[in-house]
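A.B. asks: Each chain is listed here by its residues.
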Amino acid sequence: MGKKILMKGNEAIGEAAIRAGCLNYFAYPITPQSEVAEYLAKRMPEVGGVFVQGESEVAVGYMIFGASGAGARVFTTSSSPGVSLMSEAISYIAGAECPAVFVNIIRGGPGLGGILPSQGDYFQATKGGGHGDYHMLVMAPASVQEAVEMVMLAFPLAEKYRNPVMILGDGLIGQMMEPVEFPDDLRTEPTNKDSWATSGMKSRGSSKRNLVKSLYLDPTQLNDHNLNLKSKYDQMKAEEVRYERYNTDGEYKILIVSFGTMSRVCRTAIDLLKEEGIEVGMIRPQTVFPFPDAPIRDAAVKESCKAVISIEMNMGQMVEDVERCVKGQRPVHWYGKCGGDVPTPEEIMEVIKERL
Amino acid sequence: MGKKILMKGNEAIGEAAIRAGCLNYFAYPITPQSEVAEYLAKRMPEVGGVFVQGESEVAVGYMIFGASGAGARVFTTSSSPGVSLMSEAISYIAGAECPAVFVNIIRGGPGLGGILPSQGDYFQATKGGGHGDYHMLVMAPASVQEAVEMVMLAFPLAEKYRNPVMILGDGLIGQMMEPVEFPDDLRTEPTNKDSWATSGMKSRGSSKRNLVKSLYLDPTQLNDHNLNLKSKYDQMKAEEVRYERYNTDGEYKILIVSFGTMSRVCRTAIDLLKEEGIEVGMIRPQTVFPFPDAPIRDAAVKESCKAVISIEMNMGQMVEDVERCVKGQRPVHWYGKCGGDVPTPEEIMEVIKERL
Amino acid sequence: MAKTFKKPEALSDAHTHYCPGCTHGVIHRLVAEAIDELGLRDMTVGIAPVGCAVLAYNYFTCDFQEAAHGRAPAMATGIKRVRPDLIVFTYQGDGDLASIGMGEIIHAANRGEKFTAIFVNNAVYGMTGGQMAPTTMPGQRTTTSPAGRDVTATGMPIRMAELLSTLKTPSYIARQAVLRPKYITKAKKAIKKAFQYQMENRCFTFVEVVSTCPTNWGMSPLESVEWAEKTLLPYYPLGEFKTPEQEEQDAA
Amino acid sequence: MAKTFKKPEALSDAHTHYCPGCTHGVIHRLVAEAIDELGLRDMTVGIAPVGCAVLAYNYFTCDFQEAAHGRAPAMATGIKRVRPDLIVFTYQGDGDLASIGMGEIIHAANRGEKFTAIFVNNAVYGMTGGQMAPTTMPGQRTTTSPAGRDVTATGMPIRMAELLSTLKTPSYIARQAVLRPKYITKAKKAIKKAFQYQMENRCFTFVEVVSTCPTNWGMSPLESVEWAEKTLLPYYPLGEFKTPEQEEQDAA
Amino acid sequence: MASKNYDHTIDNDRCKGCGLCVTVCPKNVLEISETVNAKGYFPVYRARPDDCIYCTTCCIMCPDVGITIEKTEEEDAPA
Amino acid sequence: MASKNYDHTIDNDRCKGCGLCVTVCPKNVLEISETVNAKGYFPVYRARPDDCIYCTTCCIMCPDVGITIEKTEEEDAPA
Amino acid sequence: MQHEVMFAGFGGQGILSIGKILAHAAMESGYEVAWVPSYGPEMRGGTAYCMVVISDRPIGSPIIKNPKHLIAMNLPSLKKFAPVVKPNGVVLINSSLAPEKSGRDDVDEIRVPVSDIAKDLGSIRAANIVALGAFVARSKILDFESIREAVKEEFRNKEKLIPLEMEALDRGKAEALK
Amino acid sequence: MQHEVMFAGFGGQGILSIGKILAHAAMESGYEVAWVPSYGPEMRGGTAYCMVVISDRPIGSPIIKNPKHLIAMNLPSLKKFAPVVKPNGVVLINSSLAPEKSGRDDVDEIRVPVSDIAKDLGSIRAANIVALGAFVARSKILDFESIREAVKEEFRNKEKLIPLEMEALDRGKAEALK
Ligand SMILES: Cc1ncc(C[n+]2csc(CCOP(=O)(O)OP(=O)(O)O)c2C)c(N)n1
Ligand SMILES: Cc1ncc(C[n+]2csc(CCOP(=O)(O)OP(=O)(O)O)c2C)c(N)n1
Ligand code: SF4
Ligand code: SF4
Ligand code: SF4
Ligand code: SF4
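Protein chains in written order, with our numbering: chain C, 1 to 356; chain X, 1 to 356; chain B, 1 to 252; chain D, 1 to 252; chain Z, 1 to 79; chain V, 1 to 79; chain E, 1 to 178; chain W, 1 to 178.
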């Protein structure tokens, strides 16, 4: 680990990508993530990397597709409306099995909404905003440091699965400054892509041409293709689930499920409740796809636990996954707010007390 | 009801919109729904309506937004990739509370995928393909006749909720010819929109100007706005759930949940199994949002019912909603195929027998 | 020579959120004056862009819709096609219209949609903090071209008025500026003419207005006006590029 | 005068799915010949559009990517920026490039992306069953203009070569046809020249090719060729519209 | 001259002190004040009101419609 | 003349019978046959092979690379 | 009872329209019907086919892997579909373009040179109607009159073609009953 | 212990940067820190503010409704934020632009004419540093040396400004300890 430096989330994300060996960045400005582009507009030339400001998010999505298809390690960053415009491209990239990293610094929605932190794109990110059967592997950081680590992890994962990976942050993660350390050791060499990438037959010394496509006109082939994609998503569910437990060792009356910025507020609330002698546990999904089904169910059915509350900066999205995996073993409640008015610890304490 | 005529699903959908009093249509060609545009290119001029071929689905989405915002009854049709390109617009339209009808004649995905029937856009349609907290009211027809009825119902519902409504069909519904009757009586007058639509102060005889927007920079306002949207979705859940039961009166060992084209195959399978003395029940959601939670749970917990199978022309999407509402009371399985190779009744029978 | 001057009715009393010296405000006023003088306020629908003018709907007193970034021309098309009797204008920045919205403006112009597009060219993305726009000048420093726009990597600035006037469909295409009173008076005329053509249901109408962005140019309002005159006007010449008269015969 | 003729290496043995007499096949062959003659096959990446040429990757023997409808220029940009040493070409129809892909082609051209765009103008949407394209001629009947294209409602056909050549960024822009051998030979030259400029890393290169769609025009192959010559060529003149030489000084 | 029948008002709170009007005034009537307004800007004021010829040039330049000129009474017959 | 040293082959199964080559042949060598091929098309054939001057015009026109011309042996010295 | 009829041939042989005529006749005769076409790029040349399902109760799955009957208008489609036809169904072969046999002994195979017949009726385009007449006559799937009506309906806008098409129907019928 | 400091004023008064300097100093002093800015269209004129959270253990929520301390660089921000400050916190008021009082008797209020001081130091832009110096000296939130270092760090690329900024810091300190 290097020394601690104070950095804005957006800039740290840009730097993390470079440290992870990603020197290709295409993006279109949008609040609250524009600082990534501004940072990399300066940094990429210094490290001999590529920075291109696309004409739109639609175009950027396909620049990413093309670059990734040609074998490059590549990423982009955007925010909610911009990500919607990329949803066709994300579906194509998943269908063509290309690795790529997308960062969504969520802002309030729907529509133009607002520019303050929100978690309103949970569904879009985890259930596939685009058409067809595909999933992204989605990680949700709760601090600038974690954003850095997840970005650096995203590239090898994208290549392991030849699938898009999304970092699901929010305006606070992007705009806030916190101390960060860059784990240099995480830097990974891109995997060998000679078997599929359109890198030019000559440069990979092969006489076999490569094809990057998502079209399968024959229904049986398309079904097989989808079964193959499904097997990758099943493998993610088996191998890539990441989550954090907080205060779940002892007895707790209530289990909170919360991710990203929202989980930090919950952590404070849990600490304050502890001082009042009220025990509350929390599971914080770090991957929201794959979702930590079993850990949440196990934590929910603990003798002492009377109810589960999914707390989100939205109108109730993750709660559907929580309900699904709690399987009716405990009542599942939801609390949330959106639009940037992040609930305070005091508010959360109230919500929890009502459920005791 | 008029007399029976033999009509292709796509053309029947176009005619149904006109019968429902929608004389404004904007679209971009895409297989397997292009016949809607071709049909209306002829028909709209005959009835003094508007047909515009937009330059792209992105543009079409906003033509719909503008026209609806100005108070017109308006709709469009597309297929999977085209709908992905409309997802930003759909989020804006929901955010600005404008009524509009979207028809998605699903084709195989992800990416370019194929052009044959599929149900791979269930997630996109029901969980919001676009960003932010919004839902469309989504109806899934199982026949050309039902497509007609749902289209005609879609406009009053869109206006009742000032929210986009989607008809979720598939390539078969669009391409197949079946006899249809047009219920003339369903034709509804557009609701009065003077309170919000930008119809021009003069023409609505008002000195109050109207504003159609989705931007709420103040977090409290944006939160309130979202709570208001949420209350509409809750109302849909209370008032608009539509579904059909098949063979659920007696005892059945297995409950199938299936919608659209797939449910027709299941119906045949259920009939054939009956002949073999095997009783299987089915719930066919006609609205997939709002989803028939309670009816499915009730049907699942029936004494005789040992298991629930969600059968879909995709890799397992609706099954998550089925799991959510069955709440672990019964094992929930999934069977599906995608890419256009629609499972046969024989196949479905096998699947059911394995679960007996 | 003494005259009176007051705020047009089509403008509200609201104070704008624009930075000191930003000429967005002047352009708002000119549009509002045209609407007043032609008596169109109660039959006009404006369309706000996504850009610094996103809140334009707070400053006008006619019906308004707010578009997504770049899509105002598609929304205007939707409105005009279902309500040809309404007067519709879009108000768009250069990131909005010339970058993400390029497809929409070209096709709306080419279909000959009968609305008026007011195109504010300030050579930069204002609202998001001064990134490079397609209209940014060679060598101009922005937050995404920190070393100055490198034309070998990003190409030359796009001249929308010239580009649109090459389309065969008849239209009214003009470029004016609001840098000094002498330009402002001409800009006013062009904008009014555009609305008049629209009233006659004549053709697509487009007025590009060279404007300033002191904040993101990092200059004082006065420096901005001078820089724009010196740097922008030579590359973005003022005048009428196309009128329906010229073209109607060809199209016939 | 006797000569030999055989299938270029860059073309596969696969029989195409194109309709009888469709000149897509001729254009494929010309591109393949240029690639062969310049010895580029093992360093070339082609990009298939969404359109009748969606399966182009089956007919070429070099690396290929398949784009989404209209987005090939963005994908080509992505590839060229990360692998400037590769030769990249897009192959796009008029619905693909001139309608949904308008924004992408204009911005790729204006950034001066160093790839070659082959633009097949057959005045109609082929694959989806003959809908109107931006290039459809006035009065031409299509499935979405059953009464013939009404220019008062849909505007005049868009001339992409002319439109792109008005951009200030240097580029090579030409239009040729493949209706008869005499045109085919010229088209071949233009395509080869485009690839040569790309090899020199010189500029964005664009060759529009006037082609036929017998199926959706509802004509025999021969009638199609004659109709295209009579109707399309007068509106879509052949030749070079822009060469980098002309422009490099201005841009400098 | 006519000017006496006119009223030149600067809306202190609308003014953002951009100073563009100062530079365009043919009579050099306007100056930026020393005191900040509620918005935190230093608004313009008429340093030499008597020189004003009510030509509206400042009004035309002002991006914030901060300056208005009204007639006070009927003009006298031209002197 | 040289032509004897050349071989003009029409790939019966590639041909879709569009007939474009027929119209461009300067020597009117080609005609559409009466018998359908496997694909269901009526392919062209060389009705008057001896008139062929091996100019490759048909090859250039053919959209399906259905016609090829190869050298058979070394050309004799020009007669 | 439920009948499934597969029509197959080259694009341009009028495959879809005879399917549609049969479906229409069946509907007018009071049956439930569904007509499912092949669509998509196959349209570019290649084979065209459609499936018509006729039933006396609501039709469940209109997607049929093993149809009861087959009308094969050319060789490729005979080869492709003959093997999947259910036993005892009618297999009508256009012997003008498909010189071979179905290779099935459990079906009612009839070989009719419908293209040649159409040619000497003066219009190769009528071949599909000849086939339709032959099929309906042989399969007795519907009352022959109803097909006459449906054909007239189909050519409503091409009045002057109707006599020819009627003759085509009858020539087909005659061949089938030979 | 956890301190939350709210910095507020006009855009252009250097609000965000003094927040950043404080956060940086705190980090270098071994504390956990988070700096949260206001962002978005408010930047167009209007009020700018930022929140700095300093703690000796991991910071939970960085979103604070009731900060411990307030630096109000103008009148609107004094009015907006004075009411929400926690009791016993420091409220520093730029009396040059905010002639009023906080109206709180449960906080440690100091009024410093930081703009005027900066003016006679020769640069109005240094007003924010004067305020920072005054605040840190009064609140003792950090060792004053660490702030000196952080300011030097901040002006690393504007070497020649450092003496001025140092003086600004000290003038602020002096005022605060008066
Ligand atoms: C789809 C989408 N992409 C990006 C943005 C972010 N965004 C808001 S305004 C803007 C550009 C504004 O610049 P311009 O159009 O030149 O207008 P100005 O602010 O200069 O007046 C951008 C990129 C957005 N809101 N939506
Ligand atoms: C996003 C999207 N929209 C629409 C389509 C449907 N589509 C496929 S090809 C095509 C147009 C093809 O026409 P053109 O580009 O002119 O090529 P041609 O077929 O004439 O060669 C369309 C609209 C699609 N696949 N994806
Ligand atoms: S940022 Fe620029 S364009 Fe936006 S209001 Fe400020 S000066 Fe005007
Ligand atoms: S449809 Fe038209 S463009 Fe497509 S292959 Fe057939 S002839 Fe060619
Ligand atoms: S009216 Fe004319 S003279 Fe008077 S202040 Fe304004 S610009 Fe100056
Ligand atoms: S080679 Fe020339 S002469 Fe011979 S068939 Fe072809 S076109 Fe005719």
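Hints were generated in silico from the structure; no laboratory data involved.
Be aware that one or more of the hints could be misleading.
Stated by the list, open to error - Computed Cβ-Cβ distance ranges for the label pairs, DEER-style:
(1) B:Asp36 x Z:Asn28: 27 to 35 Å
(2) C:Gln329 x W:Asp143: 49 to 57 Å
(3) X:Lys253 x C:Asp298: 53 to 61 Å
(4) C:Ser304 x W:Asp56: 50 to 58 Å
(5) V:Asn28 x E:Gly103: 42 to 50 Å
Glycine is no exception: its CB is placed at the ideal position from the N, C-alpha and C atoms.
A.B. asks: The structure should be examined with respect to each hint, and the outcome stated for every one.
C.D. replies: Hint check:
1. B:Asp36 x Z:Asn28: 27 to 35 Å: 31 Å, holds
2. C:Gln329 x W:Asp143: 49 to 57 Å: 53 Å, holds
3. X:Lys253 x C:Asp298: 53 to 61 Å: Between Lys253 of chain X and Asp298 of chain C, where Cβ atoms are some 31 Å apart, the hint is violated.
4. C:Ser304 x W:Asp56: 50 to 58 Å: 31 Å, violated
5. V:Asn28 x E:Gly103: 42 to 50 Å: 44 Å, holds
This entry does not satisfy hints 3, 4, going by the numbered hints stated previously.
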